[in-house]
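Between the sequences and the hints, there should be enough to build the whole structure, so can you do that?
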Amino acid sequence: MTASSTASRTLPILDAHGAVDHAAGAERFTADVDRTTWHDGALWFVREKRDRGAASVPEWERLRDLASAIKSHTLSRLDEYLERFERRATARGIQVHWARDGAEHNEIVLGILAARGARRLVKSKSMLTEECGLNAHLERHGIEVVDTDLGERIVQLRNEPPSHIVMPAIHLKKEEIGATFHEKLGTPAGLADPDALTAAARRHLRERFLGADAAMTGVNFAIAETGGVVVITNEGNADLGTALAPVYIASMGIEKLIPRAADLGVFLRLLARSATGQASSVYASHVHGPRPGQAMHVVLVDNGRSTQLGRGDFWGSLKCIRCAACLNTCPVYRRSGGYSYGSTIPGPIGSVLTPGLDVRKYAALPFASTLCGSCSAVCPVKVDLDQQLYRWRQLVMAAGGAPPLKRWWLRAMGGVLADPALLQLAGRVARGMLRVLPPRLARRLAGGWGTGRALPEPPRGSFRDWVRANRPGRS
Amino acid sequence: MRAALFAPCFVDQLAPGVAIAAVQLLERLGVEVALPGGAACCGQPPANAGDARSGDAALRLLVETFAPFTHTIVLSGSCTTHVRQHAAQVARLGGPVAQRTYEFCEFLHDVIGLDRLRALAASDTRCVAVHIGCHALRGLQLATPSERMLPAMDKVRAVLGTVRGLSFAPLQRPDECCGFGGSFSVGEPAVSARMGRDRLDDIGASGADAVVSTDVSCMLHLSAIGRAAGRTLPMLHVAQLLATASGIGGA
Ligand code: SF4
Numbered sequence: 001m002t003a004s005s006t007a008s009r010t011l012p013i014l015d016a017h018g019a020v021d022h023a024a025g026a027e028r029f030t031a032d033v034d035r036t037t038w039h040d041g042a043l044w045f046v047r048e049k050r051d052r053g054a055a056s057v058p059e060w061e062r063l064r065d066l067a068s069a070i071k072s073h074t075l076s077r078l079d080e081y082l083e084r085f086e087r088r089a090t091a092r093g094i095q096v097h098w099a100r101d102g103a104e105h106n107e108i109v110l111g112i113l114a115a116r117g118a119r120r121l122v123k124s125k126s127m128l129t130e131e132c133g134l135n136a137h138l139e140r141h142g143i144e145v146v147d148t149d150l151g152e153r154i155v156q157l158r159n160e161p162p163s164h165i166v167m168p169a170i171h172l173k174k175e176e177i178g179a180t181f182h183e184k185l186g187t188p189a190g191l192a193d194p195d196a197l198t199a200a201a202r203r204h205l206r207e208r209f210l211g212a213d214a215a216m217t218g219v220n221f222a223i224a225e226t227g228g229v230v231v232i233t234n235e236g237n238a239d240l241g242t243a244l245a246p247v248y249i250a251s252m253g254i255e256k257l258i259p260r261a262a263d264l265g266v267f268l269r270l271l272a273r274s275a276t277g278q279a280s281s282v283y284a285s286h287v288h289g290p291r292p293g294q295a296m297h298v299v300l301v302d303n304g305r306s307t308q309l310g311r312g313d314f315w316g317s318l319k320c321i322r323c324a325a326c327l328n329t330c331p332v333y334r335r336s337g338g339y340s341y342g343s344t345i346p347g348p349i350g351s352v353l354t355p356g357l358d359v360r361k362y363a364a365l366p367f368a369s370t371l372c373g374s375c376s377a378v379c380p381v382k383v384d385l386d387q388q389l390y391r392w393r394q395l396v397m398a399a400g401g402a403p404p405l406k407r408w409w410l411r412a413m414g415g416v417l418a419d420p421a422l423l424q425l426a427g428r429v430a431r432g433m434l435r436v437l438p439p440r441l442a443r444r445l446a447g448g449w450g451t452g453r454a455l456p457e458p459p460r461g462s463f464r465d466w467v468r469a470n471r472p473g474r475s
Numbered sequence: 001m002r003a004a005l006f007a008p009c010f011v012d013q014l015a016p017g018v019a020i021a022a023v024q025l026l027e028r029l030g031v032e033v034a035l036p037g038g039a040a041c042c043g044q045p046p047a048n049a050g051d052a053r054s055g056d057a058a059l060r061l062l063v064e065t066f067a068p069f070t071h072t073i074v075l076s077g078s079c080t081t082h083v084r085q086h087a088a089q090v091a092r093l094g095g096p097v098a099q100r101t102y103e104f105c106e107f108l109h110d111v112i113g114l115d116r117l118r119a120l121a122a123s124d125t126r127c128v129a130v131h132i133g134c135h136a137l138r139g140l141q142l143a144t145p146s147e148r149m150l151p152a153m154d155k156v157r158a159v160l161g162t163v164r165g166l167s168f169a170p171l172q173r174p175d176e177c178c179g180f181g182g183s184f185s186v187g188e189p190a191v192s193a194r195m196g197r198d199r200l201d202d203i204g205a206s207g208a209d210a211v212v213s214t215d216v217s218c219m220l221h222l223s224a225i226g227r228a229a230g231r232t233l234p235m236l237h238v239a240q241l242l243a244t245a246s247g248i249g250g251a
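As you go down the protein sequences, you meet chains E and A in turn.
Position 447, counted from 1, in the first sequence is what the working numbering calls 447; the numbers after and before it change by one each time, with no gaps.
Position 25, counted from 1, in the second sequence is what the working numbering calls 25; the numbers after and before it change by one each time, with no gaps.
Everything labelled a hint here was simulated from the structure, so no lab data went into it.
The structure presented is a predicted model; accordingly, all values stated were derived computationally and were not measured.
Glycine residues also receive a C-beta, built at the ideal position from the N, C-alpha and C atoms.
Watch out, some of these pointers could steer you wrong.
As the list claims (entries may be wrong) - As a list, the in silico SDA-like pairs of lysine to any residue whose alpha-carbon atoms are at most 20 Å apart:
id, chain 1, residue 1, chain 2, residue 2
1, E, K49, A, P174
2, E, K406, A, R53
3, E, K382, A, R148
4, E, K49, A, T144
5, E, K173, E, W44
As the list claims (entries may be wrong) - Beyond 10 Å from chain E on every Cβ pair, some chain A residues (computed):
id, residue
6, L14
7, V111
8, L120
Unchecked claim - Residues from chain A that keep clear of chain E, each with C-beta distances beyond 12 Å, as calculated:
id, residue
9, Y102
10, D115
11, D154
Printed below as a string of structure tokens:
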């Protein structure tokens, strides 16, 4: 696949004003019927595994309540817990940095690497560095960055962003991965056996681990009480990086905090099952300070989080532990792919986080949902995602994030719906038109509804007509 | 007993047969059905599309219209959810009206009771696929959705289960969204239509003779997609199935 065709498939489709056009991106994705079928099926498979995993825990719903309560409590006094974390971490020999936004984060990381003369960085598990655009920044300054999660490495080799927050390469078939490895890692042409491809990636990564000057990971949980961080992986690559490199940098969003070590078990039980259906992740690495001779840094990143925390309707989105269960269950994500969202975090959680960063650019995302509510029901920390999507819709409209015609049309619709006589008249006219217009023309007039759908067969009269004729006096 | 029936705008205009079946069935069950004029819509369409203010006048009118009644039956899970969640914000009596609002199956299950339904002696030997609208499922909790690890409960199948001979076709994805989603169906036609086709495929593979739903909106969407693809599977609202199975009819 050429670079330009990759770019055209992975870049979000923008409208004339530079706003993400999710519907257009989704249309591009669904145009490949087979890939859509397969993508939907792969994610549904994970969702079903999650169901079995959750069902194996009798107290599942109570765990969700507990996790939600712990997160809500932590967020209600985040300042205190962050300061406590900083004190405890510092006492353990960890250097703590604060970054207001992505640019500051990138500068801090670059500064740490530059001070040590580090030129080769191995990185694991971090949607946050993706959010901050770290790789490009470091590469501009001559630093080689290697993502070490298999999925992340695959998309990195292809010059693509992740399309999913837990399975970054879920949009790719194994044959496509084989082609990429053939081109970049020299595996035999046509090799598509997952085990063989994994082994090849492992050999390739081992050299990178051994040659790294610095290692970086994201953070799944930071514990205020102990001043340590916990990183969850299935491949053990975070441990390899942190154990070998002389410098270790952990980057975390400020919402990743939990108060006590004793709270961790609640989240670990929920996270793996929600993410992949596994009873537990393979590795949960606790890092509570540098190894002898190593330097360890934690960068605490805000990048819009404190603003979101101040939003009465949306602060709950910061409870998110990035399990991706809401993506896997979302019938729209499954059929539109991650790139259609145009944001680092796609799917329902991305659609409530991203408009907070730029309400105009991401105005379409809260509408990329049927509000079926499956996301909220599946979420292990009970983020009320569908409610937040509904409320974002109101704010997007109020902020002028919809074309004037749509706003006018909705106001007009509101007027008709509130006027029973007018509605009866409109209904009669519409039913009449459906009867007399040629179907092709009627479908054209119906706009989006006419795509893949026939128009309703109009009944003779309305229910009101029937009431007048058959149940007079009851109305 | 006395209860008021609210037939939402699209049921009134596009599926009057559902509301007629509901009236006749409720009457057979001994309910004195009030059919007040006035409100014609709950205001959800613009609210869902991001303009709750434009829908508020309709919702306010609904609250005023139904304030005198102890029970209001809403022939749509989605509209019932909208009333429950938003009525209190728009009108003085909104809260009480919201509390006295029932989706149709919910009313039959919670207020009428399964014993009285059984007394209808309804019978139908078809094998049906049940499609509970998402708002009815998760918003109103008419059944336990597949994501929740709660005791299994399903008011819709319990109500339908009073029909002798009726059986349920097992679906691969029992509560997958059909893709309608109000303005979503117009704003995101590609995904919406694809979701509808997938839902129909699942139903088709189940060997069902008909689809029974709580929501006319889902039915309109699914049948529009089915007809465009040249497939026609009968689609019935719960009220229609119960009415025909009880030998009620004659609109
Ligand atoms: S919002 Fe909930 S379900 Fe979605 S990724 Fe976050 S924790 Fe998981």
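Earlier hints that do not hold, by number | 6
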